[in-house]
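Asks: Numbering (the UniProt record's numbering), first residue to last: 1 to 402.
By construction, these hints were calculated from the structure, which means they are not laboratory data. Quick reminder that beta carbons are idealized off the backbone N, C-alpha and C, glycines included. Any given hint might turn out to be false.
Said to hold, decoys possible - The calculated label-pair distances, taken between Cβ atoms and stated as ranges, are:
no.	residue 1	residue 2	range
1	A98	S292	15 to 25 Å
2	S334	N294	18 to 28 Å
3	I141	Y232	44 to 54 Å
4	I284	E140	41 to 51 Å
5	K340	K285	24 to 34 Å
6	V349	P276	53 to 63 Å
7	L272	A123	51 to 61 Å
8	K200	K251	46 to 56 Å
9	K293	N183	43 to 53 Å
10	A66	K200	18 to 28 Å
11	S273	L78	47 to 57 Å
12	D90	R139	48 to 58 Å
What the hints assert, rightly or not - BS3-like, lysine-lysine: derived pairs with alpha carbons at most 30 Å apart:
no.	residue 1	residue 2
13	K244	K285
14	K110	K171
15	K202	K323
16	K171	K301
17	K296	K218
18	K160	K41
19	K244	K218
20	K171	K352
21	K285	K26
22	K251	K202
23	K285	K296
24	K38	K242
25	K171	K285
26	K235	K301
27	K242	K285
28	K229	K241
29	K352	K338
30	K268	K229
31	K251	K296
32	K285	K321
33	K120	K110
34	K296	K340
35	K285	K317
36	K173	K285
37	K296	K110
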Amino acid sequence: MKNNKLKIVVAMSGGVDSSVAAALLKQQGYDIVGIFMKFWKSSFDDKKNGGWNRCCAFEAQQRARAVARVLNIPFYVLNLEKQFKSKVVDYFLQEARAGRTPNPCVICNKEIKFGLLLDKAMAMGADFVATGHYARLLREILNPKSEILNKYKIQNLKSKTVFKILEAKDKNKDQSYFLWQLNQKQLSRILLPIGEIASKAKARDLARKFNLPVAQTKESQEICFVKDKVAYFFKQTIEPKKGKITTKQGKAIGQHQGLWFYTIGQRKGLNLSQGPWFVVDKDIKNNNLIVSKNEKDLLQKELIAENVNWISGQEPKLPLKIKAKIRYRSELASATVKEKIAAKKYKVVFSKPQRAITPGQSIVFYLLHRSPAVGGAKAGEASELLGGGIIELQIANLKMQN
1 MKNNKLKIVV AMSGGVDSSV AAALLKQQGY DIVGIFMKFW KSSFDDKKNG
51 GWNRCCAFEA QQRARAVARV LNIPFYVLNL EKQFKSKVVD YFLQEARAGR
101 TPNPCVICNK EIKFGLLLDK AMAMGADFVA TGHYARLLRE ILNPKSEILN
151 KYKIQNLKSK TVFKILEAKD KNKDQSYFLW QLNQKQLSRI LLPIGEIASK
201 AKARDLARKF NLPVAQTKES QEICFVKDKV AYFFKQTIEP KKGKITTKQG
251 KAIGQHQGLW FYTIGQRKGL NLSQGPWFVV DKDIKNNNLI VSKNEKDLLQ
301 KELIAENVNW ISGQEPKLPL KIKAKIRYRS ELASATVKEK IAAKKYKVVF
351 SKPQRAITPG QSIVFYLLHR SPAVGGAKAG EASELLGGGI IELQIANLKM
401 QN
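With the hints as extra help, turn the sequences into a complete structure.
Replies: Shown next, in the form of structure tokens:
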């Protein structure tokens with residue numbers, strides 16, 4: 001990418017990664033503007049941070065401002081409280097009430113960071129938006145002799161330039177899983193400088209090298225807008241709805257306080273005797289939580305994915321063999337996208353049974369990338385993000401409910 005003093009807006013959270021991203025781009029001579037986004041403050045949080053969740057706390061804002069001061073770049077605070085509440089928090093609660101286990105980070109990336117912030121940046125005359133995500137971008141120019149169209153079974157590709165997302169160099173920190181809802185228009189205006197960094201330790205070393213006052217900042221591990229435990233958040237935001245805990249055979253053995261407090265595969269916190277018991281399903285219609293002593297009941301090979309998005313913007317030929325993840329920290333598993341059963345809805349079959357396929361979570365599709373070296377990685381070392389969808393149902397559960 002040629003410089004020519006391109007203007008880049010960097011989403012600065014006050015953490016290590018976004019701060020280093022800003023520093024790296026500044027070092028390369030770009031015109032950098034830092035923006036700190038304030039997302040949402042709850043009505044029940046403590047008053048220490050004025051009700052703001054930890055990602056938007058005053059301390060985080062001050063750290064981001066201090067980094068901008070060190071880098072000598074303009075710094076602004078963008079209040080997106082209403083939009084974040086509407087697009088992310090309300091979605092999270094709506095899905096939870098429906099008995100699903102949602103992933104709000106995916107929606108936040110699509111609608112907020114690479115939606116509203118990107119729109120704001122373009123309105124400011126910026127050329128790109130950069131973030132501290134651990135993932136890599138690849139810009140590939142196709143020509144009539146390229147075999148890539150057949151290789152990836154892509155049909156009717158109109159553009160000669162395709163933007164791809166690859167997993168980060170540091171596979172342990174890779175965040176490509178959360179980016180599956182992005183489209184080509186968004187990717188054409190995004191930069192991800194951190195994706196080439198070998199490790200979090202290296203990122204902290206760079207922070208020290210640039211004299212950034214964030215080198216020892218702790219990482220955020222939970223949902224950013226949930227200050228304490230998710231269960232506490234639900235207690236404060238959703239009315240209780242007690243129901244029965246039953247076995248697969250329909251025998252009532254306990255009582256639950258609301259289906260949203262539980263997720264598929266959960267073992268702890270059920271308060272049942274003669275265990276261990278595992279949550280294997282949710283009967284939404286009858287408000288029953290279904291459990292089993294047999295952990296093998298959690299194993300399933302097939303699922304239905306809805307709201308599927310293909311990063312290329314083009315639907316591939318089916319069936320398509322892929323690698324897939326059914327949750328952020330799960331291992332890549334061999335699978336096949338078998339068939340399209342409705343608009344943006346597909347049947348996916350794994351080669352081996354997967355544990356705790358959970359409605360509401362994202363299933364994300366990958367292919368092994370075999371193009372020339374990218375960012376120091378040897379050919380074949382990086383997985384390419386093809387797209388993904390929301391897990392609607394395990395096939396076994398679909399049959400049970402029909």
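Asks: All hints are to be evaluated individually against the structure, with a verdict given for each.
Replies: Hint by hint, here is what the structure shows:
no.: 1; hint: A98 - S292: 15 to 25 Å; verdict: holds (22 Å)
no.: 2; hint: S334 - N294: 18 to 28 Å; verdict: holds (25 Å)
no.: 3; hint: I141 - Y232: 44 to 54 Å; verdict: holds (50 Å)
no.: 4; hint: I284 - E140: 41 to 51 Å; verdict: holds (43 Å)
no.: 5; hint: K340 - K285: 24 to 34 Å; verdict: holds (27 Å)
no.: 6; hint: V349 - P276: 53 to 63 Å; verdict: violated (29 Å)
no.: 7; hint: L272 - A123: 51 to 61 Å; verdict: holds (55 Å)
no.: 8; hint: K200 - K251: 46 to 56 Å; verdict: holds (48 Å)
no.: 9; hint: K293 - N183: 43 to 53 Å; verdict: holds (45 Å)
no.: 10; hint: A66 - K200: 18 to 28 Å; verdict: holds (21 Å)
no.: 11; hint: S273 - L78: 47 to 57 Å; verdict: holds (52 Å)
no.: 12; hint: D90 - R139: 48 to 58 Å; verdict: violated (35 Å)
no.: 13; hint: K244 - K285; verdict: holds (12 Å)
no.: 14; hint: K110 - K171; verdict: holds (22 Å)
no.: 15; hint: K202 - K323; verdict: holds (28 Å)
no.: 16; hint: K171 - K301; verdict: holds (25 Å)
no.: 17; hint: K296 - K218; verdict: violated (37 Å)
no.: 18; hint: K160 - K41; verdict: violated (44 Å)
no.: 19; hint: K244 - K218; verdict: violated (40 Å)
no.: 20; hint: K171 - K352; verdict: holds (23 Å)
no.: 21; hint: K285 - K26; verdict: violated (55 Å)
no.: 22; hint: K251 - K202; verdict: violated (54 Å)
no.: 23; hint: K285 - K296; verdict: holds (25 Å)
no.: 24; hint: K38 - K242; verdict: violated (35 Å)
no.: 25; hint: K171 - K285; verdict: violated (40 Å)
no.: 26; hint: K235 - K301; verdict: violated (34 Å)
no.: 27; hint: K242 - K285; verdict: holds (13 Å)
no.: 28; hint: K229 - K241; verdict: holds (19 Å)
no.: 29; hint: K352 - K338; verdict: holds (15 Å)
no.: 30; hint: K268 - K229; verdict: holds (15 Å)
no.: 31; hint: K251 - K296; verdict: holds (19 Å)
no.: 32; hint: K285 - K321; verdict: violated (35 Å)
no.: 33; hint: K120 - K110; verdict: holds (14 Å)
no.: 34; hint: K296 - K340; verdict: holds (28 Å)
no.: 35; hint: K285 - K317; verdict: violated (36 Å)
no.: 36; hint: K173 - K285; verdict: violated (39 Å)
no.: 37; hint: K296 - K110; verdict: violated (35 Å)
Figure legend: structure checked against the earlier numbered hints; hints not met, in rising order: 6, 12, 17, 18, 19, 21, 22, 24, 25, 26, 32, 35, 36, 37.
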